[in-house]
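Those protein sequences? They're chains A and B, same order as listed.
Going by full-length UniProt numbering, the residue at position 276 of the first sequence is 276; the numbering climbs one at a time, nothing skipped.
Going by full-length UniProt numbering, the residue at position 79 of the second sequence is 79; the numbering climbs one at a time, nothing skipped.
Just so you know, the hints here were simulated from the structure itself, not pulled from any lab data.
Bear in mind the structure is a predicted one, so any value in this text is a computation, not a measurement.
Any given hint might turn out to be false.
Here are the simulated BS3-like cross-link-like pairs (lysine-lysine), alpha carbons at most 25 Å apart as the crow flies [claimed, not checked]:
{"#": "1", "chain 1": "B", "residue 1": "172", "chain 2": "A", "residue 2": "93"}
{"#": "2", "chain 1": "A", "residue 1": "207", "chain 2": "A", "residue 2": "67"}
{"#": "3", "chain 1": "B", "residue 1": "172", "chain 2": "A", "residue 2": "130"}
{"#": "4", "chain 1": "A", "residue 1": "207", "chain 2": "A", "residue 2": "293"}
{"#": "5", "chain 1": "B", "residue 1": "185", "chain 2": "A", "residue 2": "67"}
{"#": "6", "chain 1": "B", "residue 1": "16", "chain 2": "A", "residue 2": "93"}
{"#": "7", "chain 1": "A", "residue 1": "130", "chain 2": "B", "residue 2": "22"}
{"#": "8", "chain 1": "A", "residue 1": "93", "chain 2": "B", "residue 2": "185"}
{"#": "9", "chain 1": "A", "residue 1": "93", "chain 2": "B", "residue 2": "22"}
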Amino acid sequence: MNARAPILTLRNLSKSYDGFEAVKGISLEIPTGICFGLLGPNGAGKTTTIEMIEGVSTPTAGDILYKGDPQRRQLADQAGIQFQSTALMDYLKVNEVLDLFASFYPAPMPRQQLVDLCQLQDILDRSASKLSGGQRQRLLLAVALVNDPELVFLDEPTTGLDPHSRRQFWHLVETIRARGKTVLLTTHYMEEAERLCDDLAIMNQGKIIARGSPQALLDEHFEHVLVCLPQTHFTDNCEALRRELADTLSFSGGQAMITSSSVDRTLQQLIESNISLDGLQVRNPTLDDLFLKLTGLSLEAQESLASEGSTG
Amino acid sequence: MISLRNIRALFIARNKEYYRDKGSLFWSFLVPPLIVAVIGFAFSRQDPAIFSVGVLGAPQAEAPPVLQQDYIRTIYYDDLNRATTQLRYQQLDLLYDPQAGKYWINPRSVNGKAVEKLLRVPADSPQMSMERAEVPGRAIRYVDWVIPGVLGMNMMFSALFGVGYVIVRYRKNGVLKRLQATPVKPAEFLLAQALSRLCILLIVSTIVFIVCKLMVNFLMLGSYSTLYIIAICGNLALIALALIIAARTASEEAANGILNFFSFPMLLLSGVWFSLDQAPEWLQGVAAVFPLTHMVSAARSVMLEGATLADVAPQLGILLAMTIVFLIIAATLFRWRED
Numbered sequence: 001m002n003a004r005a006p007i008l009t010l011r012n013l014s015k016s017y018d019g020f021e022a023v024k025g026i027s028l029e030i031p032t033g034i035c036f037g038l039l040g041p042n043g044a045g046k047t048t049t050i051e052m053i054e055g056v057s058t059p060t061a062g063d064i065l066y067k068g069d070p071q072r073r074q075l076a077d078q079a080g081i082q083f084q085s086t087a088l089m090d091y092l093k094v095n096e097v098l099d100l101f102a103s104f105y106p107a108p109m110p111r112q113q114l115v116d117l118c119q120l121q122d123i124l125d126r127s128a129s130k131l132s133g134g135q136r137q138r139l140l141l142a143v144a145l146v147n148d149p150e151l152v153f154l155d156e157p158t159t160g161l162d163p164h165s166r167r168q169f170w171h172l173v174e175t176i177r178a179r180g181k182t183v184l185l186t187t188h189y190m191e192e193a194e195r196l197c198d199d200l201a202i203m204n205q206g207k208i209i210a211r212g213s214p215q216a217l218l219d220e221h222f223e224h225v226l227v228c229l230p231q232t233h234f235t236d237n238c239e240a241l242r243r244e245l246a247d248t249l250s251f252s253g254g255q256a257m258i259t260s261s262s263v264d265r266t267l268q269q270l271i272e273s274n275i276s277l278d279g280l281q282v283r284n285p286t287l288d289d290l291f292l293k294l295t296g297l298s299l300e301a302q303e304s305l306a307s308e309g310s311t312g
Numbered sequence: 001m002i003s004l005r006n007i008r009a010l011f012i013a014r015n016k017e018y019y020r021d022k023g024s025l026f027w028s029f030l031v032p033p034l035i036v037a038v039i040g041f042a043f044s045r046q047d048p049a050i051f052s053v054g055v056l057g058a059p060q061a062e063a064p065p066v067l068q069q070d071y072i073r074t075i076y077y078d079d080l081n082r083a084t085t086q087l088r089y090q091q092l093d094l095l096y097d098p099q100a101g102k103y104w105i106n107p108r109s110v111n112g113k114a115v116e117k118l119l120r121v122p123a124d125s126p127q128m129s130m131e132r133a134e135v136p137g138r139a140i141r142y143v144d145w146v147i148p149g150v151l152g153m154n155m156m157f158s159a160l161f162g163v164g165y166v167i168v169r170y171r172k173n174g175v176l177k178r179l180q181a182t183p184v185k186p187a188e189f190l191l192a193q194a195l196s197r198l199c200i201l202l203i204v205s206t207i208v209f210i211v212c213k214l215m216v217n218f219l220m221l222g223s224y225s226t227l228y229i230i231a232i233c234g235n236l237a238l239i240a241l242a243l244i245i246a247a248r249t250a251s252e253e254a255a256n257g258i259l260n261f262f263s264f265p266m267l268l269l270s271g272v273w274f275s276l277d278q279a280p281e282w283l284q285g286v287a288a289v290f291p292l293t294h295m296v297s298a299a300r301s302v303m304l305e306g307a308t309l310a311d312v313a314p315q316l317g318i319l320l321a322m323t324i325v326f327l328i329i330a331a332t333l334f335r336w337r338e339d
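All chains should be modelled from the sequences, with the hints used to inform the complete structure.
Shown next as structure tokens:
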């Protein structure tokens, strides 16, 4: 199979419910064998989109093609899904949950392989309802992988995990990806997207606002590095500097951020204007900065907006 | 079409969940014997208000004028055995055969003696020469009468809540959504739930039946196999009803309300605690809608009257018809997820 041929194609996909348009006509092609990320704040329409692709909800308009087939006949057998929030049956042990789901498929992944892959060896006899967050996510991942799928959906798999569990989970995703599977991941963690995704689409308010590999997106939108200072250093008596910096200066979350093509020159400007360099940071732009640039709002601000209104 | 493998896997999983839930296990075994014990203790005497006289022959057969009193209920029998059984357990006070000029009484029944006196009072009648026979036996106590109801009630609650509530909870917490993303079909899932609950109900009811029998030694005249067939048909109908209730609901509170909406009328009107024979016709009509009514009445006639499978065929037919109708409705309405 041609590795670049799209495994999934979305055409003008829309979804409305209760008079709210959650997804507004998005189109995407997702190549085979990569880790593709849908990135965006809560309420951007990521989960709605991924659930339409999985077939658990129906689009209001538009087409979804799996390997070119609009009926997606093979999808049920070839896909593995980890939902954002699912419980498992009460009172079943981890190995019993795996038994149950394995029995639904004609050719499940060999048990030992699955257990090793998802690091479940130590918790096989544990009740599935009494697992820690990280263990639970690993079990849900194992359930998603039980049929040895070609395409794996992971809907915000690390939300609510502690940093150690998150890193452990990232490692699992990289292993799965290395086995030649296509991974479709949604996340609102920029760091996660930068680390895992070969290609991503940034969503906001039901639309795709940017598309490309993390590095390509950053290169496209930022030719510069960011020089950051506490906002309080910019007092009223530095009008001249403000004028000089003009569009390259922005304020967000108590920080003054200067988009700079030459750190030397920017620092010189600051010193000449008698601005304190305490707390100075020079860093490369991140996807978070990109999101801020594209929407005019930081992810945090978007999320607090979203949590007042719509749902994901 | 339907994969037996999937049904089997879901069936086993559900059974494990059931017996590992120690709390629910404890209560389903404890409650019915407790109720039976209380009733056995509280209603140890029963005093029927009117006399019941059995008459052998077709309903047009002449009853002696003395029996045509408003305080005497006349019941016609064409089967002598059935009638004497009723007399033995003091469901009848006296049995009379106008053709043969013979009557039977139960010497241990006070009412029987009173009716006999009435029958023999008129001096001018040929009744004086009537042949007298005795059929001794103890009275049916209220506890004997109520046992089929209590067992049926336990099955009803277990079927409605055990199937209905569990599916609604699965829908709410996402288990159904997870299953929807597998090749499992709704019919496979629903069948597995129904079969699992049916087996659980039969096992639990058998144990409860034995415990109650040891406690109060209630009457059981019919065959156990007939009783099992009634239990299976009745449970299927109740489980199918639960599947309708659980077809779409995604809120446990709402499910609770709906389940109570169905279970309480059944509890009151299905003849669990008191007979509806004397109730107005419209009320009996309402009661006939409930599967429990037919299950309890069939079980009661098997246990108290020794009814055979053929005798209870009408009730079984109704229960099976209800099961089919309910299953079709449930399968049509069912959604994995809340819309």
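> If you draw a straight line from the CA of residue 207/A to the CA of residue 293/A, is it 25 Å or shorter?
Replying inline: holds, 16 Å
>> Just to be careful, I want the Cα atoms of residue 16/B and residue 93/A compared with a cutoff of 25 Å; is the pair within it?
In response: holds, 10 Å
> Between residue 207/A and residue 67/A, is the straight-line Cα distance small enough, at 25 Å or below?
Replying inline: holds, 23 Å
>> Check the hint pairing residue 172/B with residue 93/A against an upper bound of 25 Å on the C-alpha distance.
In response: holds, 21 Å
> Within 25 Å, alpha carbon to alpha carbon, are residue 185/B and residue 67/A?
Replying inline: OK: residue 185/B and residue 67/A at ~24 Å, within 25 Å.
> Has the given pair, residue 93/A with residue 185/B, been kept, meaning a C-alpha gap of at most 25 Å?
Replying inline: The given pair, whose Cα atoms are some 24 Å apart, holds under the 25 Å limit.
> Going straight from one Cα to the other, do residue 172/B and residue 130/A come out at no more than 25 Å?
Replying inline: Satisfied, since the Cα-Cα distance of roughly 19 Å is no more than 25 Å.
>> Can you confirm whether the C-alpha distance between residue 130/A and residue 22/B stays at or below 25 Å?
In response: Holds - the C-alpha atoms of residue 22/B and residue 130/A are around 16 Å apart, at most 25 Å.
> Is residue 93/A within 25 Å of residue 22/B, Cα to Cα?
Replying inline: Given pair residue 93/A, residue 22/B holds - Cα atoms ~16 Å apart, limit 25 Å.
Consistency note: the structure conflicts with none of the earlier hints.
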